[in-house]
Amino acid sequence: MVAQLTSSERQYCAVILILMVIVGVAMAALGKSDPLGVHGVIVIVYSGVLLYLVLSAFYGPEPQEDRQASYYDDPIKVGIALSMAWAVFGMFMGVWVASQLAWPNLAFDAAWSTFGRLRPTHTTGVIFGFGGNALIATSFHVVQRTSRARLAGQISPWFVLFGFNLFCLLAVSGYLIGVTQSKEYAEAEWYADLWLVIVWVVYFILYIRTLARRKEPHIYVANWYYLAFILVVAILHIVNNLAIPVSWGHAKSYTIWAGVQDAMVQWWYGHNAVAFFLTSGFLGMLYYYLPVRAGRPIFSYRLSILSFWGITFFYIWVGSHHLHYTALPHWVQNLGMTFSVMLLVPSWASAGNALLTLNGAWHKVRDDATLRFMFVAAVFYGLATFEGSFLAIRPVNSLSHYTDWTIGHVHAGALGWVALITFGSLYTLVPALWKRPAMYSATLVEVHFWLALAGTLIYVFAMWNSGIIQGLMWRTYTEDGTLTYSFVDTLVAMYPYYIARAFGGLLFLLGAIVACYNIWMTARGAPAAAVVGDGPAQSGVAPAPAE
Amino acid sequence: MDVSHDTLVALAKSWGLFYLIAFAVAVVIYAYRPANRARFNAAKKDILEQDDRPWR
Amino acid sequence: MPELFHRKLERTAIGLVLAIIAAASVGGIVEIAPLFTIHQTVEDAPDMRVYTPLELAGRNIYEREGCYACHSQMIRTLRDDVERYGPYSLAVESKYDHPMLWGSKRTGPDLARVGGKYSDFWQVAHLTNPRSVVPESNMPAYAFLERTPLEMDDLGQHLAVLRELGVPYTDDMIANAARDAYGQATPDSDFATGVVKRYGEATDVSAFDGVTTEVTEMDALVAYLQVLGRLTDAASREQAAGAPQVGGNGG
Chain P
1 MVAQLTSSER
11 QYCAVILILM
21 VIVGVAMAAL
31 GKSDPLGVHG
41 VIVIVYSGVL
51 LYLVLSAFYG
61 PEPQEDRQAS
71 YYDDPIKVGI
81 ALSMAWAVFG
91 MFMGVWVASQ
101 LAWPNLAFDA
111 AWSTFGRLRP
121 THTTGVIFGF
131 GGNALIATSF
141 HVVQRTSRAR
151 LAGQISPWFV
161 LFGFNLFCLL
171 AVSGYLIGVT
181 QSKEYAEAEW
191 YADLWLVIVW
201 VVYFILYIRT
211 LARRKEPHIY
221 VANWYYLAFI
231 LVVAILHIVN
241 NLAIPVSWGH
251 AKSYTIWAGV
261 QDAMVQWWYG
271 HNAVAFFLTS
281 GFLGMLYYYL
291 PVRAGRPIFS
301 YRLSILSFWG
311 ITFFYIWVGS
321 HHLHYTALPH
331 WVQNLGMTFS
341 VMLLVPSWAS
351 AGNALLTLNG
361 AWHKVRDDAT
371 LRFMFVAAVF
381 YGLATFEGSF
391 LAIRPVNSLS
401 HYTDWTIGHV
411 HAGALGWVAL
421 ITFGSLYTLV
431 PALWKRPAMY
441 SATLVEVHFW
451 LALAGTLIYV
461 FAMWNSGIIQ
471 GLMWRTYTED
481 GTLTYSFVDT
491 LVAMYPYYIA
501 RAFGGLLFLL
511 GAIVACYNIW
521 MTARGAPAAA
531 VVGDGPAQSG
541 VAPAPAE
Chain Z
548 MDVSHDTLVA
558 LAKSWGLFYL
568 IAFAVAVVIY
578 AYRPANRARF
588 NAAKKDILEQ
598 DDRPWR
Chain A
604 MPELFHRKLE
614 RTAIGLVLAI
624 IAAASVGGIV
634 EIAPLFTIHQ
644 TVEDAPDMRV
654 YTPLELAGRN
664 IYEREGCYAC
674 HSQMIRTLRD
684 DVERYGPYSL
694 AVESKYDHPM
704 LWGSKRTGPD
714 LARVGGKYSD
724 FWQVAHLTNP
734 RSVVPESNMP
744 AYAFLERTPL
754 EMDDLGQHLA
764 VLRELGVPYT
774 DDMIANAARD
784 AYGQATPDSD
794 FATGVVKRYG
804 EATDVSAFDG
814 VTTEVTEMDA
824 LVAYLQVLGR
834 LTDAASREQA
844 AGAPQVGGNG
854 G
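First to last, the sequence lines map onto chains P, Z and A. Okay, so the first sequence: first residue is 1 according to the numbering used here, each after it adds one. Okay, so the second sequence: first residue is 548 according to the numbering used here, each after it adds one. Okay, so the third sequence: first residue is 604 according to the numbering used here, each after it adds one.
Quick caveat, the hints were computed from the structure, so don't treat them as lab data. Each hint should be verified, as a subset may be incorrect.
[As the list claims (entries may be wrong)] Listed next, the in silico DSS-like pairs over lysine-lysine satisfying Cα-Cα at most 27 Å (straight line):
| hint | chain 1 | residue 1 | chain 2 | residue 2 |
| --- | --- | --- | --- | --- |
| 1 | A | K720 | A | K708 |
| 2 | P | K435 | Z | K560 |
| 3 | Z | K592 | P | K215 |
| 4 | P | K364 | Z | K592 |
Just need the whole structure built from these sequences, with the hints factored in.
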């Protein structure tokens, strides 16, 4: 890592890290016994460990070769490792919270281990930890390869990567000690949010400067999707997280939004986190790694442009479908519903484009589990976007909302689409990055594929069943016109599905662990093929997220 | 400034739609402009060319 | 010349950035901006009171523990929602809620009008071990709330921040926040009268967890649960007058 930096760059790194330590000390001093103080200590330790890494290699030999003659791949390698570490953590938390719903005593009478505190560690762990790191790593790879230019910075890629992971760490550790804004998928408190803004601005500048260096006249469409992800997530994050802290010494803040405005802002954010974090960026992966793996150009480049603008334009309107039949004005609900239905067009255009790219290469899909990951991901993308538009229709939503159907829908997207396209991309990327002919074990990729697919199907079917059953039970009337079932009656009916769901999640987690092992073995195997300039970073495949 | 709720709602309902149409037309023109055809074809083929060095 | 060429390429990238912003911002602006004038159309509730410091502390505990992940506070305008949980929720009822806690999932029942539905005693027993009163429940046990003393010293700061955001707390309320929190959970103390004076006769002053020697987080959370749906009676008043049931309200 540090070996590729010149001595002045090492000095910059040290200065940045010392500043971060100082910020940590200030947080600890201001926060004292408040959770802010705990987070101050975490910032000190995190920056201190990185500072130690920089200083211990501070006087090492400087890079001799011309760095501009090669791509900057070290941050990508570390990003993949962090992504997989978060995947195992986040999915383990998911299995744990799912099990708590079936066996509530799995919280063991502690505060930190109750469902309410663990659930955001699962969502943040998988969305931001696993998904975010995978997006950052693959975006660094795609932008360099499609621009035929090296990343426009030596330190900034590391700053983005480690800065983002510090955010994730503050967020997840915060939930365990009771720090949360209680905004779904934006639970991290004000100081972590501010930090993420800084990280994100650096990310944006790095990305746009790398694009400006490109040797191709046209910007390949995958970059458009990554760019939309970076830009719109920034807008969403800033607006939704506007808040005033109780004091400089408090972790707690109050959002500036209230009541119905807050609801609209929250779901404008929440659904567009789905759109621009969990869709746009991953479509960027799809549009690069799928053609590359299949060895065929994308079916229609024009269609990819049309669907890009369709998705970017339509998605932003649909958040209000989370608020059907609530105190939100009727016309806003209808707008959300209308655009949700229209969104199906660009979504299916993307899914169709991906599948038609594979048309004529079905033998490859049959033989190559990596390509099959991406194929199934595109199918699930099509299914989940159809389901999403369907659930956004008001009368359908009246049944599905507040039930497990929503959870099933989210996981059809998150497991079937987001995670599978990520695994497919990583299995394409890892051998290329470490200069290996192929993954360590094709059999293990195959095993992972079937574990992931079985896990997803079990999960999704369990939640469809439980959601629809509960929704119907809530609205069942006796002949006398009274409600047939008490709430508890409907909960009792859920237990078998909660057990099935936890089992499906467990299979998916096992698959991710198999992937970690396979990636680790690929990275450390066949050293002869390694190239000059790969520092010790490549051996660090699975460090703890705290690194 | 005293903007009434009804004015804002009316604006939202009408101009949002016009904007959508204008935007869609612009995108379609961009995607189907003959001048862009060569560029798009090159872009979709170029990524399959895997070299491992930045171009100088 | 290569300089110029380079700049042109950069223009393409920046043009793309601007186009993305133009495409992605309109929807949000169109849907959110009118909500800031919504007070012109929605119900008014002049009788609505603010949360007492103890209830606010309880609300913060409700957020901290992630209760909103399983309990909604939003009764929809659907027949079965209304018959199960009470009059549908109005926008005005959460106008002081920073943030709103409407929720998105009902693993447990809606709590928008749970205030007063069960006794304090039941709430404490249920939170301590849900399965002692509802054997089929899958809710976590929150026995630790009873073991944790409530942090009250900084409640004045919390109220002051909320006032900056538009919640009508008075100087008197802010100055007496910690005393009021203590008094509301300690009915036989001198501080109890101040709570009623500042927040109204209807304020629930009670030894919520049955122990008056110490104010715990259990007191605060139960105080909050008991006030849910009772800050104003605008909903029951309006809906008794025959407002439409299905189809939303306002605008």
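Comparing the hints with the structure gives:
no.: 1; hint: A:K720 <-> A:K708; result: 21 Å, holds
no.: 2; hint: P:K435 <-> Z:K560; result: 55 Å, violated
no.: 3; hint: Z:K592 <-> P:K215; result: 15 Å, holds
no.: 4; hint: P:K364 <-> Z:K592; result: 19 Å, holds
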